[in-house]
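Undergrad: Spelled out from the first residue to the last, the chains are:
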Amino acid sequence: MARSADLQIEHLLRRAGFGARPDELENYRAMSLVQAVDTLVNYTLVPDTVDGHIGKPGYVGITSNGPFSPQSNIADARQRWLFRMVHSDRPLQEKMTLFWHNHFATGYNKIAGALGAPEATRYMAAKASEDPGHVRGQIEMLRDNALANFRDILLNIATDTAMLVWLDGRDNKKAKPQENFAREIMELFTMGVGHYTEPDVYAGARVFSGWNLQGAGAVNATARHQEFYYNPDQHETTAKTFSFPIYGDGSRTIPARAASQGMQDGIDLINALAGSRNTARYLAAKLYRFFVSELGDPDPAFVNHIATVYLQSRYDMKTVMREVLLSTQFLDSRAYFARYSWPVEFVVRALKDVGWTGFSLNSAVAAMGNMGQILFEPPDVAGWDAGQTWFSTGAMLARMNFAATLAANQRFNLAKSVKGYAQTPEALLSHLLGSLATPTLDNAVVAELANYVRATGAWTGSDAQLQAKSAGLVHLIAGSPEYQFV
Amino acid sequence: MKVTRRTFVRGGVAAFTVTFAAPDFLCDLARAQGAHTRNLVVLYLGGGNDSLSMLVPYNDPSYYSRRPTIAVPAGRVLQIGSDSSRVALGLHPRLTDLKAIFDQGRLALVQRTGYNNQSRSHFQGTDIWSTADPNNSQGLGWLGRYLDSVPPPVNALVGWNTTGSMPHVLQAATIGVPAIADVRAYAFASPNVGNEAAVEKAAAVRICSHVPVDRPALAFVYGSSQGAFETLDRVAAVANYAPSVVYPNTGLGQALRAVAGGMAKAIGTKVFYVTTGGFDTHSAQNVNLINGSYYNLMATLNDALGAFYNDLKNQGLLDDTMLVTFSEFGRRISENGSAGTDHGAASVMMVMGGRVNGGLYGTAPVLNTDPANPTLENNAGDVHYETDFRSVYARVVDGWLGADSKSILGGDFRKATLTFI
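As you go down the protein sequences, you meet chains A and B in turn. Just so we're aligned, residue 8 is where the first sequence starts under this note's numbering, counting upward by one. Just so we're aligned, residue 462 is where the second sequence starts under this note's numbering, counting upward by one.
Only chain A is shown next, with the shape it has when bound in the complex (with noise of 0.2 Å):
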C-alpha cells in the first residue's frame, strides 16, 4: 500500500484512538480509510472485553495497593482507564469518553472530601456489573454512551450521582435555589458564553430544583447508595422565561406546573438546549479542536457543516463523529500533527509505540501529574486547558522524564526488537523514527540524533550498546517537541 494512505491510518488511529499498537496497524492497514471509519464508528460491533486481560502476561502492567479495586480506589480506577486505552480494541469509544470526562469534567476530590474516597471513586468509575448496589460510575455512563445521543448523554450527565455532588444539585431546593448547575450546563455543557443571560441562570436554577440526591437499597448493607431523584417538594413551580426559545413553537416560557409535574421543567430546558443551533456550533468546535486540528481557529466550514450534521441527525454522536473523521479538514494532510497531544495521549501513544510488557502503569498515573494531567481530576468544570497550555517548562521536563523513565523500563525488549536493524547506527536510527512517528524532523535535529548513536565508542552492535543506544535514542525522539504533536 502506498505510504501516504498509511499516513493517512496512522493520523487516523492517533485522533481517533490513541495511537496504535503494532497489531492495530497491521490490522487497519488493511482497510480503505471509509472502512476504517466505519469500523471505529461501529465498536459496538468488536466485542468490549479489554478488562479481562487486566493482569495478564503480554500487557501492560498494573501495581495496586491491595486487591486491584478500579471501584473503589481512584488509583486502580486511572489505571484501569488506561489500560483500556493502550489494549481496548475500540479505541474511538476510549477516544470519546475522554471527551466527554473533559466536556462535562467532574473532579473526584470534591466528591471524596463530601463522601469519602471509596464512595467517590464509586461514583467516578463502578461498573454496574462489579457493584453491589448496581452503581454506574459517571466514566462508565459516558463510555456506554460515547456515541449515543447527545440530549441523552445531558439527560443523564443531569442526573449523575457525582455530577449532583459536584455542581450542588443535590442540595437545589426551592426556598433559594442553587444556581452552580444551571450556570455550567448553559455555559459550558451546551451553547457556551455570550448565547445566555443571567435571569437565564437563575430561572435554570428554579427549573432543577429538587433535582436532588437520595439514599436507595437496605440501610447497612454493601448495596446501599445514593441515586438521583426528583424531589417535588424542593421543587419551585412556578413559569420560567429565558432568553431563548425552549420549545419548538418558539415560546420561551416553560409553563407553571404542579410539583408532581415538575421534573418534565429540566427535560424541557434540556431538549432545548440540545437543539439549540448555539450547542450544535460550540460542539462541531471543540470537536474540531479536539480531533482536527488546533492550529488557528475551527475552520468556518467545518464547524457550519457539522452543526447542520448534528442538527439534521437529532444530535446523533455516531453520524456526526464519522462525519468528522471523513471531513475535507480531518483528511487534509495539513491536520497531521495539528494538535497538541495531551498528557494522556501522549503517554498512552508512547506505549503503544516503545513497548509496555513490564511497564507499570501505575508509574504513569504519577507522572502524568506531573504533566497536568491527572484523570478524574480535571482542574475545574471547564476541563483541561489544552493546547500550549500544557508546555509549560516543568511540564516539559515530565514529559521528557517519563520518555526517560519508559526508555529504562523497556531497554532489553528494545535490544531485542532493534537486533535487525544493528549493521549501522543509521539503520538503528532510521528504524526508531519509523515506530515513533513526529512530523518532520530538521536535517539539522536527525544529525544531532546520529552524532549520539555515533558517539562513546566504535559501532559494534552489540546486546549492551544496543541497550543503551536504542534507550537514549527513545528517549530523546520521545522527549523531543516534535514528538509531543499527534
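It is worth saying that the hints were derived from the structure and are not from the lab. Wrong hints could be hidden among the right ones.
Each computed DSBU-like pair below joins lysine-lysine, with the alpha-carbon atoms no more than 30 Å apart [claimed, not checked]: (1) A:Lys325 <-> A:Lys293; (2) B:Lys774 <-> B:Lys726; (3) B:Lys662 <-> A:Lys423; (4) A:Lys63 <-> A:Lys423; (5) B:Lys662 <-> A:Lys426; (6) A:Lys63 <-> A:Lys293.
Residues of chain A clear of chain B, computed beta-carbon distances all greater than 10 Å [claimed, not checked]: (7) Asp30; (8) Val57; (9) Gly62; (10) Ser71; (11) Leu122; (12) Asn156; (13) Arg158; (14) Asn187; (15) Ala225; (16) Ser258; (17) Arg264; (18) Gln319; (19) Arg321; (20) Thr364; (21) Ser437; (22) Asp470.
Quantities reported herein were computed from a predicted structural model and do not represent experimental measurements. Each residue gets a CB set at the ideal place from its N, CA and C atoms; glycine is no exception.
Place chain B on chain A using the hints.
TA: Just chain B now, with coordinates in the frame of chain A:
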C-alpha cells in the same frame, strides 16, 4: 520613529521626566528602578472568594439577616477598625496572622474591587482579571505583558509559575515563564548512566537549541524545552533552601516556601505566581465550623501567608517583596438554600509586603436590599465595584515594578487614593 512599548519602557526615568509632571509617581518610579531585587508575588484565590466572610461588616444588620446560617458572629471577628465610610470591619476569626500583619501596617485591604458588568463566569471572569481587559479577555496576560517589557537580556527565570500549567495571566508574547510546581521534581532523567547519560543529555540540549523555522507551534514547544534546560541548575539550588520557619504542608504553603527560596537564592525572578483553590463555595460553606470548608480556606491562607511573611522578615527580604491577591469574583450577598453562596461581583484584594502602607482602602458595601442602594447591583443581590481592579494593578505596576501602567494595562487606570505603595 514609531516608539514601541519596549523602547518606551527602556527609556526609563528620563523618558518619563519630560512626559509627566506627577511628582509622587516619578518618585515611586525612580525608587522602583533603583531597587534591583524587587519581587512581586501574585496569588490567585481560585473559585471566587466570598470576601464578605473574610472581611466582615459586623455591625451591618443586613449582613446577618441575609446570611442567617453562614454569617460570622460579631463577637468572633478580629476587629481591625473602620473604613472611611465608618463601617466597622473585622477579619475572619481564623486570620490571626493576617491580623498581626495588618496591625504592623503591612497589609492593605482594597474593598469593592471589580469592574462594570462583572462576569459571573469562572472562566470569563478569570480571563478578564488575567488580561485586565473586560472587553477582550483573549489576549496576553497583564503580567505577561509586563514581562515582555523587561529589557533584554532576559533571565530565563524572570517569571516563576509555581503551578503545573500556564495560567492566562502569565501568557506573554516573547517570554516563556517556567512552570515549577515542585522544585525537587524539576530535574532531567536519563535511561542511561555515567558518560552515556552525559552524552545523551548534551544531545538533548543541542537539539533544543535548534530553532524550527516557520513552524510557530513547534517553536513554542522548543521554547519550553529550552527554558527547562536553562533553569534546571538554578532551580536545583532553590531545592536546597533552608527556611527560617516551618511552612504548612499545604499546596500554598509549599509553593510560598519555594518562592521564598527563589528570593533567598537570588535567582533574579521578578514575578512569582501562586494559587490556592476551593473558593467556589456553593454549598455547606461552613464559615464558622472548625474544619468547615470556608474556615479551612482561611486557615490555609492565613498559615501560609503568615509563614511566608515571617520567613521573609527573618531573611531580610520583606522590604523587597509585595504580594497581591485576586479572585475572579466575589459571591452573592444572600446565602442560598444550601448554606453556601453563588457567583457574585465585586470582592476584596489584599496587598502585603514590607513597604506596603497597610490599612483599609475604599469603602465597604452597605448590605440592605434597597434596589437603589448604590453600593450594590443586580437588584441589590451583589456588591457593586468601587475601585476598578485595574487601578490596583496600575499602582503595582507604577509604584512597585517601576514600569508604565498605561502601556502595560492599555489605558490610564491610576487612582490617586490608592496609596498602598
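Undergrad: Against each hint, give a clear statement of whether it holds in the structure.
TA: Hints and how they fare:
This hinted pair checks out: lysine 325 (chain A) and lysine 293 (chain A) have alpha carbons roughly 16 Å apart, not beyond 30 Å. Distance hint between lysine 774 (chain B) and lysine 726 (chain B) is fulfilled; the C-alpha atoms sit about 15 Å from each other, no more than 30 Å. Using a Cα cut-off of 30 Å, the hinted pair lysine 662 (chain B) and lysine 423 (chain A) holds, with the two alpha carbons roughly 24 Å apart. Distance restraint check for lysine 63 (chain A) and lysine 423 (chain A): the Cα-Cα separation of roughly 22 Å lies within the 30 Å cut-off, and the hinted pair is therefore satisfied.
A threshold of 30 Å between alpha carbons decides the hint, and for lysine 662 (chain B) with lysine 426 (chain A) the separation of about 25 Å falls inside it, so the pair holds. Taking the CA atoms of lysine 63 (chain A) and lysine 293 (chain A), the gap is near 37 Å; set against the 30 Å cutoff, the hint is violated. Look at aspartate 30 (chain A): its CB is around 25 Å from the nearest CB on chain B, clear of 10 Å, so calling it non-interface holds up. Every C-beta of chain B lies more than 10 Å from that of valine 57 (chain A), the closest at about 29 Å, which supports listing it as non-interface.
For glycine 62 (chain A), the requirement that its beta carbon stay farther than 10 Å from each beta carbon of chain B is met, with the minimum near 26 Å. Interface exclusion of serine 71 (chain A) from chain B stands, the closest Cβ pair being 24 Å apart, more than 10 Å. Against chain B, the non-interface label of leucine 122 (chain A) holds: every CB pair exceeds 10 Å, the least being about 13 Å. Every CB of chain B lies more than 10 Å from the CB of asparagine 156 (chain A), the least distance being 27 Å, so the non-interface label holds.
Residue placement check: arginine 158 (chain A) keeps its beta carbon more than 10 Å from all beta carbons of chain B (closest about 24 Å). Distance check for asparagine 187 (chain A) against chain B: the nearest CB is about 5 Å away, which does not clear 10 Å, and the non-interface claim fails. No beta-carbon of chain B is positioned within 10 Å of the beta-carbon of alanine 225 (chain A); the least distance is around 27 Å. Distance to chain B confirms serine 258 (chain A) as a non-interface residue, since its nearest Cβ pair spans about 25 Å, more than 10 Å.
Under the 10 Å C-beta cut-off, the non-interface status given to arginine 264 (chain A) relative to chain B holds; the minimum distance is some 20 Å. Non-interface status of glutamine 319 (chain A) relative to chain B is upheld: no Cβ of that chain comes within 10 Å, the nearest being about 30 Å off. Every CB of chain B is more than 10 Å from the CB of arginine 321 (chain A) (nearest about 29 Å), matching its label as outside the interface. Even its closest Cβ contact with chain B, about 16 Å, leaves threonine 364 (chain A) beyond 10 Å, as expected for a residue assigned away from the interface.
Every Cβ of chain B is farther than 10 Å from the Cβ of serine 437 (chain A); the closest lies at roughly 17 Å, confirming the non-interface assignment. Remark: the non-interface label on aspartate 470 (chain A) is consistent with the geometry, its nearest Cβ contact in chain B lying 14 Å away (cut-off 10 Å).
Checked against the numbered hints above, the structure violates hints 6 and 14; every other hint is satisfied.
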